[in-house]
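S.K.: Each chain, letter by letter, is given below.
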Amino acid sequence: MKKPFALFAADKAPSLSKVHELIRELKVSQVMTKTLYTLPPDATMQEVKDLMRQHRISGVPVVDAQGLCGIVSLEDLIHALEQQALSAPIRQFMTPMPLVVARAQEPLLEAFKRLEQHNVGRMPVLDGHGALVGIVTHTDIIASLLKSLQDVYTEDERLCDCNPQYFFDALRSDATNLLLRYHVEAGDFAHGGEASARIKRALLRIGASPRLARRVAIAAYEAEINLIIHTNRGGSVLVDVTPQEIRVVVQDSGPGIPDVEEARRPGFSTASPRAREMGFGAGMGLTNIERCSDRLDIWSALGVGTRLEIVFKLPA
Amino acid sequence: MTLQDIVSSLHLEVLAGAEHLGREVSGGYVADLLSCVMAGAEAGNLWITLQTHGNIIAVAALVELSGIIVAEGAPIPPETLAKAAEQNVVVLSSPQPVYQTVAQLVALGL
Numbered sequence: 000m001k002k003p004f005a006l007f008a009a010d011k012a013p014s015l016s017k018v019h020e021l022i023r024e025l026k027v028s029q030v031m032t033k034t035l036y037t038l039p040p041d042a043t044m045q046e047v048k049d050l051m052r053q054h055r056i057s058g059v060p061v062v063d064a065q066g067l068c069g070i071v072s073l074e075d076l077i078h079a080l081e082q083q084a085l086s087a088p089i090r091q092f093m094t095p096m097p098l099v100v101a102r103a104q105e106p107l108l109e110a111f112k113r114l115e116q117h118n119v120g121r122m123p124v125l126d127g128h129g130a131l132v133g134i135v136t137h138t139d140i141i142a143s144l145l146k147s148l149q150d151v152y153t154e155d156e157r158l159c160d161c162n163p164q165y166f167f168d169a170l171r172s173d174a175t176n177l178l179l180r181y182h183v184e185a186g187d188f189a190h191g192g193e194a195s196a197r198i199k200r201a202l203l204r205i206g207a208s209p210r211l212a213r214r215v216a217i218a219a220y221e222a223e224i225n226l227i228i229h230t231n232r233g234g235s236v237l238v239d240v241t242p243q244e245i246r247v248v249v250q251d252s253g254p255g256i257p258d259v260e261e262a263r264r265p266g267f268s269t270a271s272p273r274a275r276e277m278g279f280g281a282g283m284g285l286t287n288i289e290r291c292s293d294r295l296d297i298w299s300a301l302g303v304g305t306r307l308e309i310v311f312k313l314p315a
Numbered sequence: 000m001t002l003q004d005i006v007s008s009l010h011l012e013v014l015a016g017a018e019h020l021g022r023e024v025s026g027g028y029v030a031d032l033l034s035c036v037m038a039g040a041e042a043g044n045l046w047i048t049l050q051t052h053g054n055i056i057a058v059a060a061l062v063e064l065s066g067i068i069v070a071e072g073a074p075i076p077p078e079t080l081a082k083a084a085e086q087n088v089v090v091l092s093s094p095q096p097v098y099q100t101v102a103q104l105v106a107l108g109l
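Protein chains in written order, with numbering that gives the first Met the number 0: chain A, 0 to 315; chain B, 0 to 109.
Isolated chain A, as found in the complex (with noise of 0.2 Å):
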């Protein structure tokens, strides 16, 4: 399916209706406790307390020949501790049947409205036949549900991952260009490299995959680069994006290339000795930008300017 509209994805909380969807569809047993601790109704609470200790548990099913007859908590425990009954058996102190209890099969949704409802902390899970198969507690819910919605959150960020072109399909035009506009200054190595950064997450943000958002920032960068190291007065990087390609275009105002096949060619550099001790000048910028793009054209003259413009086609 077509995402309509990449722009605001990473903003934009996934829509109620999945998240509905996503809890709608959970069943109690995907989430229950099926390890499961039980004792009969003639232990002791000192058992009860026991059993709870040892497990950290705050609630036991109690089970008789017949099944299911009753649950204990820790609520009940305390009961029995405050009239130092410990040693009286759990019926005593237990919730006997009919108990709230939950169905395995049934939506979560359903078994967490009537734990609201009867203010219970637990309910015991039955199965078809009417056989004790686990526990549900309120710590289970919650912890299901928020794990449900990171997963959901986690899809919406992967349908991030597309192409601009979803971008424009919302916005309804004969053409649409997006325009995105930095200046470089000349000399300014410390700030080498923001525009390039800056272009790749603009291009991330609209939905352009990472892998291209990579090879339009490496040869931004590369430009960028050759502003600060070689023109007089720096210069701009305009990038320009439209349903099918991206068009980054750099000028600047001299000095110009003598020779243009000469600078395309690898290795070949005239970039100062300052600039050459920082790790720049190897000769590999243009070859670097021509490999990543899927053209790039120079125009260049002596005393007036240099204006670069490098295509990246956008998959259709």
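In case anyone wonders, no lab produced these hints; they're calculated from the structure.
Please read these numbers as outputs of a predicted model, since none were measured by experiment.
Note that the Cβ used here is the ideal one computed from N, Cα and C, for glycine as well.
Fair warning: there could be bad hints in the mix.
[What the hints assert, rightly or not] Partial chain B-side listing against chain A, Cβ under 8 Å, derived:
{"hint": "1", "residue": "S25"}
{"hint": "2", "residue": "G26"}
{"hint": "3", "residue": "Y28"}
{"hint": "4", "residue": "D31"}
{"hint": "5", "residue": "L61"}
{"hint": "6", "residue": "E63"}
{"hint": "7", "residue": "I75"}
{"hint": "8", "residue": "E78"}
Since chain A is already given, all that's left is putting chain B on it; use the hints.
M.R.: Frame of chain A, contents of chain B only:
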């Protein structure tokens, strides 16, 4: 292999990005020429270099490197480290020369 594994084994000093040491390292790359790194390093690579000025951070962020090891204990300007912190780039320092650093990484299985 994570950055933390490498930091522990090589006894590297963590100068920036300590909170990102859980990153997986996909391989290594050695160069002091920034354009070579832009062209040759892959996302997740660990870059071993002697360069220390601020632009190494821009390069590492753009190419999505897992981190940078500055070899020979070369002193790193505070501006570089500030930039690294800002752009979530991990900067490590090794007292060893590049050759030995790489040899240790290879021995680790990178």
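S.K.: Taking the hints in turn, state whether each one holds.
M.R.: Here is what the structure says about each hint:
no. : hint : result
1   : S25  : 14 Å, violated
2   : G26  : 16 Å, violated
3   : Y28  : 13 Å, violated
4   : D31  : 5 Å, holds
5   : L61  : 5 Å, holds
6   : E63  : 7 Å, holds
7   : I75  : 13 Å, violated
8   : E78  : 7 Å, holds
Violation of the numbered hints given earlier is confined to hints 1, 2, 3, 7; the remaining hints are satisfied by the structure.
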